[in-house]
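If you read the protein sequences in the order shown, they are chains A, B, C and D. For what it's worth, this note's numbering labels the leading residue of the first sequence as 6, then goes sequentially. For what it's worth, this note's numbering labels the leading residue of the second sequence as 3, then goes sequentially. For what it's worth, this note's numbering labels the leading residue of the third sequence as 4, then goes sequentially. For what it's worth, this note's numbering labels the leading residue of the fourth sequence as 184, then goes sequentially.
Incorrect hints may appear among the rest.
[Claimed, not checked] In silico contact screen, one side only, chain A against chain B (beta carbon under 8 angstroms); selected entries:
(1) Phe18
(2) Met21
(3) Ile25
(4) Trp37
(5) Ala40
(6) Met41
(7) Ile44
(8) Phe83
(9) Gly84
(10) Trp143
(11) Tyr205
(12) Thr207
Note that these hints are calculated values from the structure, not bench results. No residue lacks a Cβ here, since even glycine has one placed at the ideal position from N, Cα and C.
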Amino acid sequence: MSDLNLDKLPGGFKGMSEDIGSDQTTFKGVNWGKAMMWIFLLSDTFVFSCFLVAYMKVRASVVEPWPYPSEVFALEMFGVPVPLLLIAIMTFVLITSSGTMALAVKYGYEKNRKMCGWFVLLTAIGGLTFVGMQAFEWSKLIFHDGVRPWGNPFGAEQFGAFFFMITGFHGTHVSIGVIFLFIFARKVFRGDFDTGRRGYFTTMKSDYVAIEILGLYWHFVDLVWVFIFAFFYLW
Amino acid sequence: MSDELNINKKRNDQIKTKSSATSGRGETDIDYVRPAELPEQDLYHGHSFITKWIFCQDAKVIGVQYTLTAVFTGVVGLILSWMMRMQLGYPDLFPFLTAETYYQMVTMHGMIMVVYLLTALFLGGFGNYLIPLMVGARDMVFPYVNMISFWMFFVAVVVLMASFFVPGGPTGSGWTLYPPQAILEGTPGSGYGILLMLISLSLFVIGFTMGGLNYVITILQARTRGMSLMRMPLTIWGIFTATVLALLAFPALLVSSIMMTLDKVLETSFFMPTIIKAGEALSYDGGSPILFQHLFWFFGHPEVYIVALPAFGIVSDLISVHSRKNIFGYRMMVWAIVGIGALSFFVWAHHMYVSGMSPWFGFFFATTTLIIAVPTALKVYNWILTLWRGNIRINTVMLFCLGFIVTFVNGGITGIFLGNVAVDVPLSDTYFVIAHFHMVMGIAPLMVIFGAIYHWFPLVTGRFLDEKLGKWHFWITFLGAYSIYFPMHYLGFIGVPRRYFEMYDSPYMTSAVGMNEFISLAAFIVGAAQFIFFYNLVKSLRLGKPAGKNPWKANSLEWLTPDVPPTHGNWGEKLPVVHRWAYDYGVPGAKEDYIPQTTAPSEVKDAEVEKT
Amino acid sequence: MFTGLVFLAVIIGSIIFHVWTPWWWTDIASNWSAMDDTIILSFWIGGGVFILVCLFMVYCIFRYQYKEGRRSEYKPEDKKLEKGLTWLTTIGVVALLAPGLVVWNNYIRVPDNAIQVEVMAWQWGWKYRLPGQDGKLGESNNRIISDDNPYGLNIDDPNGKDDVFVESNELHLLKDRPVKILLRSIDVLHNFYVPQFRSKMDAVPGTITYYWFEPNKNGEYEVLCAEYCGVAHYAMRGKVVVEDEVSYNKWLSEQETFSSFTAKNRNNKLNKKKLVKINNLSNNKNSILKEQDVR
Amino acid sequence: MTEVKKEQTTTHKIGIYLWIWGLLFVLSFFSYMVDWYNFQGLLRWSLILFFMFLKAGLIMAFFMHLFWERYALVNVLLWPMTAIACFVGLMVAEGKYTVFSRLFYFFVGGA
């Protein structure tokens, strides 16, 4: 079937020029789905970059003061406002879920059905927690602080607009990820990836590499959060 | 110049078989090609009419579906352009053409032609049909996603067309959709029209991303044995680079669409500063209209190359096949395509020299823009050098290629005018711009599309298109289009601004009345000539001369399928194995004047091939 | 044969059209003849390339038409030729770019003695504001535009007191005196364009843009809007009159200043109230926001 | 979908994941501390960006396995970022220019 042995191929830049000069595949040993996910993520990076660039441009050019996120996103704990507390917790939750996803991928490689399934499920729950906390954060901002997409009591109008748009878009990504995580947890437990059961829509055989692809997506969502955290909450 | 080009001694050191370089055991076997890395692709074969022809997963059918849908929108765009020309040539003659409808037509014509016709036709149509065939794959790597991609596009078209029928009509904000005007009263279709436009664009982007991922991964990861990147036909290089550009540029369009939708629906102020309407301040505050322009052109400029690069690639192949000569400077052509693609992300604001952006950007963008002129010019040189010392078949395909060269060089050079910042100041926003971009990304790519259809129609249907009708079609289209857009530059010199419903009564504009009438007449004729083409398509589908296998004696893989037209799975039992690039025409020592890509070196022992 | 001849005719026809065209630019009336010169330069270089490339193509069509049995030359690349063409093109491009950048550099650097003129664009028309004796325009803000303050001037800014309002489509300019056009829009994008001055720039709501020129020919010129701004875009015209000092000063003295304008309205108490109210913009804004919350 | 033989793909020891995981927690904590101690100005910016890129790099390199991928893929993914960098850089300049022209010519009523 294949005589491709990745360990025998040269690495580094020499390997790169040889890979690019070779026939059949440019990304040696990379599954089609995985390659597709990578390119998709590249495209998605441009989406989020455009959002963040737009945000930076507008924030840099408004003359009204930009609300100070540290105060806006503070949570009252025991009567003391703690800055960015909820955001910090959300960050930790998302990183945790990213870690569990990494382990799920590792067990997926090893075709360890049980461990893989549990870790995927754990990741899904982490993601769900994140979405839940985000819903809490949104409702607090909307109902308690009176932040609206078209204005807010703290300063420049665009604050609310960008906040809801960017975190909303990110939240949508997380939610889609969570749905897929649950679906794939079921698939793993059912043994689809061991039996190569065919997909309902695509009629293609299932494989553990799907877990790795899903993992890429999930880590990307985490990655985007790192940037949002830095640019939106810390700036 | 010709002295330098005298035949050099054969550079035999260039002969380099990848096989011997990588395998170690193949030093003596000149036919050696690395064994397959991947198992055979698993395909879903449709059984019913619906799965075979409607919700079909075969890239070839999807390609045809894309083509037909795109051509349909193109006809709508054509009719719109007729109506515009009616108004411009004979103002006040047609009472149903009000300023509102005129601006709606301008907008829809622009958007349809750029996005829904050219982009969809080149990437969705030609891309789907040709990529798997030309790289030797059985199908796209994700046939199911590919199918969804087409239906997304279809829905996007339906939404777009629906905007003709909503209250207020389609948006009339110009195809650039610049806020604040696009979503404010005073612009036609600022209610439902603009919303449907934005939704349609978003759907298009989503659908296109699905298709685009397919094209990219098929080209990168599903080539057949022996098909290295540097053996791919330039068509594939053009489509590949354009798809990568699209995947990276459409996000900016998606983002700006989303933001503008929010500005419209939720009254956010991303692009909307304080605006006084009828003496009252609207609720917007502090937004930045120029930001939209940056986002739009960060998409919009790569978009120009999304249309142009596939045309470059396809025309290279057509010229090479029909002048029976290898494409001159293949490697430089590839680097030029990739270089133009990469640079196109650093030039966007040359559309905005007089937009009020930071004036210092003028230096940066003028420089990057003119740098792009160098690889583009090289491509032109290589096309005509391919003709040089060739054996040129003057058929309809070649005629369209020649027409492409003339219109493209013309439009490219006026592009240098507009890219050069100080020259752009008097010319921007005038008819010079209109003439420029119609010449370079309207007529020139259309020439390629027609040429490509005349070229590949025998593959798709097994029959030739009628040559005689084809020649009529070409001459009317080429001469007509040239006489529309060449004089139009001079309207720009006079100073007539674009997007003028009527030229009003300015003295220097009224001097152009005669020219406007002439342009309108030419436009009606050129538009009508397209119906010769449609007639030809329909007629030849039934009655055309049967083509048989490889009628043009071409080298590339799409002509080498066991069945013509190719069936689902393309290659029958065995995938082809590629031994050479796609341009071995007129090789000294070979029996025929062409050597198909699948011909093993041992079969043509005497051929003095330079490159593999 | 036929094909080659027609393409040849197209090229020759293009040249003839260019040489004999009755449609050419309007007589220049500003200092930007350098722009015309760069266009002419681009014509020579670009037109030369166009003609050469097309003639070479026509030559190929004549010389290498299909003959049964003939083999085309087999020569995949020619490094030397390609390199030569690259350099040649690069030189041509630099020759076009360099003057362009120099002109642009002049375009964005306004001379110190330029008179500031604010052009205020609205759907669909123009009006203008000139600095008074002090040569300085007062601060402005679109948000406080009202009937009493048609330019939205800051009433506390002393520079604005003597600003001259020109509430008509017609602007007068002094001959041979550079003008810095400050563009302002109250609604959508516009573009203040006089073909004879060659220069243009968009007016963008929410910010101020500028460009400059020096009118050097007396006369009346039509102002066009060159950025699509809605249905009446094509009808958005204005007028610029370039004239000598005497008639200019006469025209200037007929215009109203901000202080005379407000003095006229002073007896109306309601107006004053409005101005005070608008000046407390932040309070005002919060109340707007509260209204929006209800919504 | 094809099955690339997975036998060759090296699986990694669980330790590396846990180690990166811990590191991400620590870095997130540090970047949170930037806010907590209310650093301002250039220091704040450089710290934020430093932690951000470090975290992003760790996630990409180890969680997304880019560290173990072949250079062809890595380069294809990273080079397009120059376009984004250019876009960001120019938009920062543009934002500064806009705010300059706004403050220079407008008075900002009340605020």
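Each hint tested on the structure:
| no. | hint | result |
| --- | --- | --- |
| 1 | Phe18 | 17 angstroms, violated |
| 2 | Met21 | 13 angstroms, violated |
| 3 | Ile25 | 6 angstroms, holds |
| 4 | Trp37 | 5 angstroms, holds |
| 5 | Ala40 | 5 angstroms, holds |
| 6 | Met41 | 5 angstroms, holds |
| 7 | Ile44 | 6 angstroms, holds |
| 8 | Phe83 | 36 angstroms, violated |
| 9 | Gly84 | 35 angstroms, violated |
| 10 | Trp143 | 14 angstroms, violated |
| 11 | Tyr205 | 11 angstroms, violated |
| 12 | Thr207 | 4 angstroms, holds |
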